[in-house]
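Enquirer: Chain by chain, the residues:
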Amino acid sequence: MSVLDEILFAIVALGTGLGAVGVVFTRNIVRQAVCLLFTLIGISMLYFLLGAEFVGATQLIVYVGGTMVLVIFGVMLTARQEFVTIRATPVEWFTAGLLGLGLFTILAKTLPALESNASEKGQLPSTGPIGVAFLTKYLLPFEAISLHLLVVLIGAAYLARAKKRPSDLPKIPLEKEEK
Amino acid sequence: MKELFSFLDPPFDALAAAVALAGIFVTFIALSSLFFIWLERKVAGRMQDRLGPTRVGGKFGWLQTVADGIKLLVKEDTTPNGADRILFKMAPYLAFCASFVAFISLPFGNGIVGRELSVGAFFLMAVLACEVFGVILAGYSSGSKWSLFGGIREAAQVVSYEVPRALCVLVPVVVAGTLNLNTMGQQQEGMFWNWRVFHDPFTLVAFFIFFITATASCKRAPFDLAEAESELVAGFHTEYSGLRWSVFFMAEYGSMFAVSAAASLLFLGGWHTGFLPFEPSQEWGLLGHLLNGVVFIGKGFFLVFVMMWMRWSLPRLRIDQVMMTCLKYFLPIACVLLIGVGVWELFAPDWLESGWRYLSSIGSLLAILALIVRLLTAPLSVPKGQLAGAWTGLSTPLMRASGR
Amino acid sequence: MILASVVRTSAGVEAAFNLADYYPIFIFLILLIAFAVGTLVASQITYLLGLKPYKPTEVKLMPYESGMDPIGSARMQFDVKFYLIAILFLVFDLELLFLYPWAVLAYSDGADPKWVEVFRRMVFWEIIVFIALLTIGFVYEWRKGVFRWR
Chain A
1 MSVLDEILFA IVALGTGLGA VGVVFTRNIV RQAVCLLFTL IGISMLYFLL GAEFVGATQL
61 IVYVGGTMVL VIFGVMLTAR QEFVTIRATP VEWFTAGLLG LGLFTILAKT LPALESNASE
121 KGQLPSTGPI GVAFLTKYLL PFEAISLHLL VVLIGAAYLA RAKKRPSDLP KIPLEKEEK
Chain B
1 MKELFSFLDP PFDALAAAVA LAGIFVTFIA LSSLFFIWLE RKVAGRMQDR LGPTRVGGKF
61 GWLQTVADGI KLLVKEDTTP NGADRILFKM APYLAFCASF VAFISLPFGN GIVGRELSVG
121 AFFLMAVLAC EVFGVILAGY SSGSKWSLFG GIREAAQVVS YEVPRALCVL VPVVVAGTLN
181 LNTMGQQQEG MFWNWRVFHD PFTLVAFFIF FITATASCKR APFDLAEAES ELVAGFHTEY
241 SGLRWSVFFM AEYGSMFAVS AAASLLFLGG WHTGFLPFEP SQEWGLLGHL LNGVVFIGKG
301 FFLVFVMMWM RWSLPRLRID QVMMTCLKYF LPIACVLLIG VGVWELFAPD WLESGWRYLS
361 SIGSLLAILA LIVRLLTAPL SVPKGQLAGA WTGLSTPLMR ASGR
Chain C
1 MILASVVRTS AGVEAAFNLA DYYPIFIFLI LLIAFAVGTL VASQITYLLG LKPYKPTEVK
61 LMPYESGMDP IGSARMQFDV KFYLIAILFL VFDLELLFLY PWAVLAYSDG ADPKWVEVFR
121 RMVFWEIIVF IALLTIGFVY EWRKGVFRWR
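Residue numbers (our numbering), protein chains in the order written: chain A, 1 to 179; chain B, 1 to 404; chain C, 1 to 150.
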């Protein structure tokens, strides 16, 4: 790794981390979603830095192009007031802080033990080997994913149809007739 | 590109090459969107029997966009009262980022590419899908009802049109066996029957479906529901003015060129002229590279022109029509195409493959030539109640029914 | 062993990893940020030079509602069907992700022609099963009338 690479990693990691901090410390829920967007983009860039192009692009299309759109949609659907703000109680701060600290300790302990610098190994698996793995060794999980998605589709259909019966529809107040 | 900077030490030659390439691309995007805005106004004018811009900059009003740019720069920037100020200011740049980053994986010639990603085609689709985020944020943060409706419509439309678009990308990918856009271009070297669009009947249909869905996901008319002027004032950019507004337009024209260039790479032979039986950059060096670039940009510009042509020819669809067209037509058709191309690759004998290739390519060429000849020879003015141009002498079912 | 670390697709061996190849992506991003900052600075400069006016009034800053005073907040609830459509398509999006590796691999030349002959047919039927399962879901939704826009 050259100096440039290290600087690059530092910038990307800093951006990702700042996004994550932004999610925690922003009150407005839509701005939180935007901070999360930056974190997710940062993570996809980290994948690119590791040479995992397929995973990086997947991260972009699934999280940024798909899930985040849904999140914003959900917020827009539920937000009745001007700005929805979220305030954490001290107990929540305490629990979250404890959990975060625990996770950080575990990661800090285990990371040095792992084999580092995967990017220096040269030939990294890209789309081709992923395909081979899917279609031979991991064929059963691959088809199981299809089954999973089928279940999700049926669930979505249920959600979509389960809403209005005529009696549930809100009554629209008619204007009073003039005498 | 890296070879040009070999006088620098290893990490810095790549950096210098990257800066040079990025500089070229930024200039290209800026200049091409200036050109596209002028072209759009000119095309619109001609199609509506007017002249379009004629005054600024001499003969064809070709400095019109520059004048517009100066006007936009000195125009008052307002942020409406109910707006979420930070998000409101950020949204146009998010949209622009997405359409601009897509250019990284587009090869403008043999090896003239920002980064030859091994998942180029996938990356392109992924990044272009992110453009929707800027639009939704603009819609939400403006604090205007028109903007909100535009943003929501855009979100639903783009998320859904992504699916058939990606399926259509997969069709040539199955044939090519790679997602690398540069390799795909190289594979279509030589005469025009090597172009992917003529490979089999499925790629031929896939090209058209891809182009239509790409138009829809660029929110261009007839799918421009996000900004439908006659319904939503200006849709998601109702509250925008000045430079921020123009950034949205640069994003739109940028992504229009990106999908058009992708279409030409996936289906229309990329940077190959189709009439030279060799790779120009290998035979002629720098001159060949230049030719490649010109051909590639030319194909992209032509497809963008077709998008404009469609915009001024077709009426806008309703939101339910747009969504249902995607669900009930494009999605099943694209699925069938994908399976079809798999079957073709597996079972089609050689004589059928080459036969189809020559027949369809030469047939298409002859059909286009015939159309051009007819356009040139057809009388310029026709009596009232008859079709004009290439369609002189023909009649629509409605005309036949009314007994003309 | 089928799970080779290097796969020859019909497009040739995929290139080795070198981080320097990715510099352009990041240079692009830096340029983008520079562009954003540049336009902001340019618009600020024009303002400071007095070329660009800034005279906000109450009416000018009102959200545009075709010339009427705005009625209620713009952050209103909208129809849930947009959301449902988006969910539906996200599922299809996920399905596509798994098709990309297949599409790259399905008709690759590979090293051993005999193995390729078997592999191609096998992979074809595998993916048919994959797509068929989702087609069931699609047909179910259609029959259920999810695709009817109400």
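Don't read these hints as lab results, they were simulated from the structure.
Even glycine gets a Cβ: it sits at the ideal position worked out from N, Cα and C.
Check each hint, because a few of them may be wrong.
Examples of chain B residues lying across from chain A (beta carbon under 7 Å, computed) [said to hold, decoys possible]:
#1 62
#2 117
#3 119
#4 126
#5 130
#6 136
#7 155
#8 159
#9 349
#10 351
#11 352
#12 354
Calculated Cβ distances over 12 Å to all of chain C for the following chain A residues [claimed, not checked]:
#13 12
#14 20
#15 21
#16 69
#17 70
#18 92
#19 101
#20 103
#21 109
#22 127
#23 139
#24 155
Enquirer: Taking the minimum C-beta separation from residue 21 of chain A to chain C, is that value above 12 Å?
Expert: holds, 19 Å
Enquirer: Do the numbers back the hint for residue 130 of chain B, that is, is its least Cβ distance to chain A under 7 Å?
Expert: Where the cut-off is 7 Å and the nearest Cβ of chain A is about 5 Å from residue 130 of chain B, the hint holds.
Enquirer: With a cut-off of 7 Å, does the beta carbon of residue 155 of chain B approach a beta carbon of chain A closely enough for the hint to hold?
Expert: holds, 5 Å
Enquirer: Can we trust that residue 139 of chain A is non-interface, i.e. its beta-carbon lies farther than 12 Å from all of chain C?
Expert: violated, 6 Å
Enquirer: Would the hint on residue 136 of chain B stand, with a C-beta cut-off of 7 Å toward chain A?
Expert: holds, 6 Å
Enquirer: Was residue 12 of chain A rightly flagged as not at the interface, with every chain C Cβ beyond 12 Å?
Expert: At roughly 8 Å from the nearest Cβ of chain C, residue 12 of chain A sits no farther out than 12 Å, so the non-interface label is violated.
Enquirer: A closest beta-carbon separation below 7 Å is what the hint needs, so does residue 126 of chain B meet it against chain A?
Expert: With a closest approach of 4 Å, the residue 126 of chain B hint holds.
Enquirer: Would you check whether the claim that residue 69 of chain A is not at the interface survives, using Cβ distances to chain C and the 12 Å cut-off?
Expert: Non-interface label fails for residue 69 of chain A: nearest chain C Cβ at 6 Å, not farther than 12 Å.
Enquirer: Hold the hint about residue 349 of chain B up to the distance rule: shortest CB distance to chain A must be less than 7 Å.
Expert: Given a least distance of 25 Å, the restraint on residue 349 of chain B is violated.
Enquirer: Is residue 103 of chain A truly not at the interface, in the sense that its beta carbon sits beyond 12 Å from all beta carbons of chain C?
Expert: holds, 27 Å
Enquirer: Would the hint on residue 117 of chain B stand, with a C-beta cut-off of 7 Å toward chain A?
Expert: Hint on residue 117 of chain B: holds, closest Cβ of chain A at ~6 Å, below 7 Å.
Enquirer: Does residue 354 of chain B hold up as a contact with chain A if the rule is Cβ-Cβ below 7 Å?
Expert: Because about 27 Å separates residue 354 of chain B from the closest Cβ in chain A, which is outside the 7 Å limit, the hint is violated.
Figure legend: structure checked against the earlier numbered hints; hints not met, in rising order: 1, 9, 10, 11, 12, 13, 16, 17, 22, 23, 24.
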